[in-house]
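As you go down the protein sequences, you meet chains A and B in turn.
The opening position of the first sequence corresponds to residue 1 in our numbering, with each subsequent residue numbered one higher.
The opening position of the second sequence corresponds to residue 1 in our numbering, with each subsequent residue numbered one higher.
Be a bit skeptical, because a hint or two may be false.
To be verified - Among chain A residues calculated to face chain B with C-beta under 7 Å, some are: (1) 155; (2) 173; (3) 174; (4) 235; (5) 301; (6) 345; (7) 346; (8) 349; (9) 354.
To be clear, the hints were calculated from the coordinates, so they are not data collected in a lab.
Note that the Cβ used here is the ideal one computed from N, Cα and C, for glycine as well.
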Amino acid sequence: MRQETVTEEVLRRAVVSRFDVGQLVIVPVLAVVLALLIGGIIMLATGVGFPAIGRSYVALFTGSLGSAYAISETLTAAAPLTLAGLGIALAFRAGLFNIGAEGQILLGGMAAVVVGFSFPGLPIAIHLPLALIAAAVAGAAWAAIAGWLRAATGAHEVITTIMLNLTCYRLVDYMLRNPPVQRPDRADPISRSVLESAKLPHLLDWLEPGLRLHAGIIVAALAVVFVAWLLFRTTIGFEFRAAGLNPDAARYAGMRAGLIIVLVMAIAGALAGLAGANQVLGVLGRASPNFSGGIGFDAIAVALLGRSHPVGVLLSGLLFGALEAGGRQMQALAGVSLDLIGVIQALIIIFIAAPMLVRTIAPWALRRMAR
Amino acid sequence: MAVTETMATGMKALEFSRRRQTQVAGWLLLALAVFVAVVFALPVEGEAAFRLTLPGDAFAVPNLTVPAQPYAYVVAALLAFFGVRQFMPGAARWTGILLGIGLLLAVTAFLTWATAGKSFSLTGMLQATVVRAVPIALGGLAGVLCERVAVINIAIEGMLLAGAFAGAVAGSLLGGVGGLVVATAVGGLFGLLLALLVVTYRVDQIIAGVAINLLVLGLTSYASSQVLTQYRFLNNAPVFRAFDVPLLSDIPVVGPVLFKQNLFVYGAWILVAIATYYLFHTRTGLRARAVGEHPEAADTLGIDVFRMRYINVTLGGLVAGFGGAWFTLGSVGRFDDNMTDGRGFIALAAMIFGRWHPVGALMAALVFGFADSLQQKLAILGTPIPSEFLAMAPYIATIVLVAGLIGRARPPAADGKPYIKD
Numbered sequence: 001m002r003q004e005t006v007t008e009e010v011l012r013r014a015v016v017s018r019f020d021v022g023q024l025v026i027v028p029v030l031a032v033v034l035a036l037l038i039g040g041i042i043m044l045a046t047g048v049g050f051p052a053i054g055r056s057y058v059a060l061f062t063g064s065l066g067s068a069y070a071i072s073e074t075l076t077a078a079a080p081l082t083l084a085g086l087g088i089a090l091a092f093r094a095g096l097f098n099i100g101a102e103g104q105i106l107l108g109g110m111a112a113v114v115v116g117f118s119f120p121g122l123p124i125a126i127h128l129p130l131a132l133i134a135a136a137v138a139g140a141a142w143a144a145i146a147g148w149l150r151a152a153t154g155a156h157e158v159i160t161t162i163m164l165n166l167t168c169y170r171l172v173d174y175m176l177r178n179p180p181v182q183r184p185d186r187a188d189p190i191s192r193s194v195l196e197s198a199k200l201p202h203l204l205d206w207l208e209p210g211l212r213l214h215a216g217i218i219v220a221a222l223a224v225v226f227v228a229w230l231l232f233r234t235t236i237g238f239e240f241r242a243a244g245l246n247p248d249a250a251r252y253a254g255m256r257a258g259l260i261i262v263l264v265m266a267i268a269g270a271l272a273g274l275a276g277a278n279q280v281l282g283v284l285g286r287a288s289p290n291f292s293g294g295i296g297f298d299a300i301a302v303a304l305l306g307r308s309h310p311v312g313v314l315l316s317g318l319l320f321g322a323l324e325a326g327g328r329q330m331q332a333l334a335g336v337s338l339d340l341i342g343v344i345q346a347l348i349i350i351f352i353a354a355p356m357l358v359r360t361i362a363p364w365a366l367r368r369m370a371r
Numbered sequence: 001m002a003v004t005e006t007m008a009t010g011m012k013a014l015e016f017s018r019r020r021q022t023q024v025a026g027w028l029l030l031a032l033a034v035f036v037a038v039v040f041a042l043p044v045e046g047e048a049a050f051r052l053t054l055p056g057d058a059f060a061v062p063n064l065t066v067p068a069q070p071y072a073y074v075v076a077a078l079l080a081f082f083g084v085r086q087f088m089p090g091a092a093r094w095t096g097i098l099l100g101i102g103l104l105l106a107v108t109a110f111l112t113w114a115t116a117g118k119s120f121s122l123t124g125m126l127q128a129t130v131v132r133a134v135p136i137a138l139g140g141l142a143g144v145l146c147e148r149v150a151v152i153n154i155a156i157e158g159m160l161l162a163g164a165f166a167g168a169v170a171g172s173l174l175g176g177v178g179g180l181v182v183a184t185a186v187g188g189l190f191g192l193l194l195a196l197l198v199v200t201y202r203v204d205q206i207i208a209g210v211a212i213n214l215l216v217l218g219l220t221s222y223a224s225s226q227v228l229t230q231y232r233f234l235n236n237a238p239v240f241r242a243f244d245v246p247l248l249s250d251i252p253v254v255g256p257v258l259f260k261q262n263l264f265v266y267g268a269w270i271l272v273a274i275a276t277y278y279l280f281h282t283r284t285g286l287r288a289r290a291v292g293e294h295p296e297a298a299d300t301l302g303i304d305v306f307r308m309r310y311i312n313v314t315l316g317g318l319v320a321g322f323g324g325a326w327f328t329l330g331s332v333g334r335f336d337d338n339m340t341d342g343r344g345f346i347a348l349a350a351m352i353f354g355r356w357h358p359v360g361a362l363m364a365a366l367v368f369g370f371a372d373s374l375q376q377k378l379a380i381l382g383t384p385i386p387s388e389f390l391a392m393a394p395y396i397a398t399i400v401l402v403a404g405l406i407g408r409a410r411p412p413a414a415d416g417k418p419y420i421k422d
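If we strip away everything but chain A, and leave its shape as in the complex, we get (with noise of 0.2 Å):
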């Protein structure tokens, strides 16, 4: 096959989402209706009041949206999500489905845990960038591993990937139990704390003491930028896009196979990596087991519902972030465990991912989308 054919696919798929309203804006948000009315019914059916799913849906709505706070909790839960999500999506583009994220943050977020605590005196210019870079050098590296696997024998990433995860907990448990890095006074698995000098700066305390918000969100929308340049406006995206597109014709147009496929891990190992840094770094100060909290996992979800496109990643990783701030303030002041914002994000990946569910479900919103 040609090269041009591969062009003309990227442009096709790229002009056609581009302009489909239907696609982009009515059906995400009758997938979030349905979802929440969905929500309602298990509710219902778990034997929640009426009052009270009442109450849990306006703490959802004002826990994530409500206040500076709530804003302040959004985009500090959509910060690691976005990153993360961006390593997938980026992958997901070249053709690899990468588990790995999970793993991939815990050693990032460990490299800046180390880095962060190790040079006392440093200056924050310095400090803060050396420990996003061992991060994101981290994650590459683990990453790197299943994509060189794959490259090198045609083991599947999908099998490396979960094994190097299940070996980065213990790794991380090792870590956490041992010196340098447990903290000296403690007996229980714990890091020591990182130095102000490497601590994500708080942007918004000066309006309201209690804000978490962190530079975090200006690492991840700057991943959104760069991601969004690597894959549309340099020719290793193109590479990468043609490779995940169709591999073979790729191959025959000369690109290096192997290589893109390492590249590729290896850049979304870094972006998983940021996200840990982000954890540890912005909001916790120190790692603990499991510090990670699942974000690895629902960030493929990020991914998905985001249709692998940078922007689309950063809009998921909001809505992510959203339902997470919401779901705490729904279950302090509603009762209803944040469990349930689990079944909600599935339902709106699965309303999204199937327009002709939607379109069944509610033919009156959907008459114009074509197909």
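Position chain B relative to chain A; hints supplied.
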């Protein structure tokens, strides 16, 4: 002419990657040989005693004693030979087998090293291996059934979790057998949901799988914190105890390992056997595989592709639901949030590792079960290696094996593609 040229390039690329794979395996085996010699052979002395008889066995078998140091040197020498063999002509054919045997030998050397001067119940460990392999084997089998009709099933994890939850709740209300039936049916329902999404609504299969996983995790955790914490009697199911198969359970070593187990273990054996027969020896199975390899051709021959996919994915869900019940009805009798803990993903690995074959998936599951129980039992022996690293070893070994053995395995040709009828 262009076609021949590209084919030649393709063949050359394949040839090259095989050669490189062989060499990677060679270096790995050599490194392993050095590792075994330095770590397991040099510092060790004494004999390792492996107990082969469990309390309560019909016949007592004497302990198996192995002199630790000489044994480790023999293993190191064999590994070095296997490694060198990889660099000689005609090695590619032996790469997989030698790597497998090599890793097995290294594991035995490790065991003798860890046991040197002490005694260790080998039979007990093997028994635990089989128990821990069950959910992975059943999950892998569910995966095989789905992928053979070209539906990727990432949702195994969710189906296992759904089975575990349904088993606990229904088991508490209806008793063990009722719980098992409901758990299996609930697994089947989620299989049906997956089929509905990917076959009828043409949702991307990976998205559908991930969504079902999230959905089940959310639903079960929500129900557990909202309902089960209040009504505790709903989460107190009876557990299926182990029972002996007459005569067979009296065979030394093999008896206790294979024939003194609970319903789920026997169920797993039987289901794997049935699935193998179904897929490879019946007309319907042949049709199912045809749908997985070339749905257009199958359709032309009058096979209903959609129906085939619905049936097989639902069957996969039923199997996964049964496997999920193991977590509650087969072990502890109560449900905890996310209690499958990634076992569904390991099952996915086992399926690929077992080359999309039921028996292969079972074997791979046994490898994971072995690693799991090994790590647990070794904690008793107290080795100088930190337990975290012991726990890592099986996963690293899997990566090595997958890189060495499975590189050339091939999924069903139409795997992951929706079928759109014109």
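Comparing the hints with the structure gives:
Below 7 Å, beta-carbon pairs count as interface contacts, and residue 155 of chain A has one with chain B at about 4 Å; its hint therefore holds. Given hint, residue 173 of chain A at the interface with chain B, holds; its Cβ is 5 Å from that chain's nearest Cβ, closer than 7 Å. At a threshold of 7 Å, the smallest CB-CB gap from residue 174 of chain A to chain B is about 4 Å, leaving the interface hint in force. A cut of 7 Å between beta carbons decides the hint on residue 235 of chain A: the least distance to chain B is about 22 Å, and the hint is violated.
Interface restraint check for residue 301 of chain A: the shortest CB-CB distance to chain B comes to about 6 Å, inside 7 Å, so the restraint holds. Because the smallest distance between the Cβ of residue 345 of chain A and any Cβ of chain B comes to about 6 Å, under 7 Å, the interface hint for this residue holds. Taking 7 Å as the C-beta cut-off, the interface hint given for residue 346 of chain A holds, the closest approach to chain B being about 4 Å. Taking 7 Å as the C-beta cut-off, the interface hint given for residue 349 of chain A holds, the closest approach to chain B being about 4 Å.
Checking residue 354 of chain A against chain B: minimum C-beta separation of about 4 Å stays under 7 Å; hint holds.
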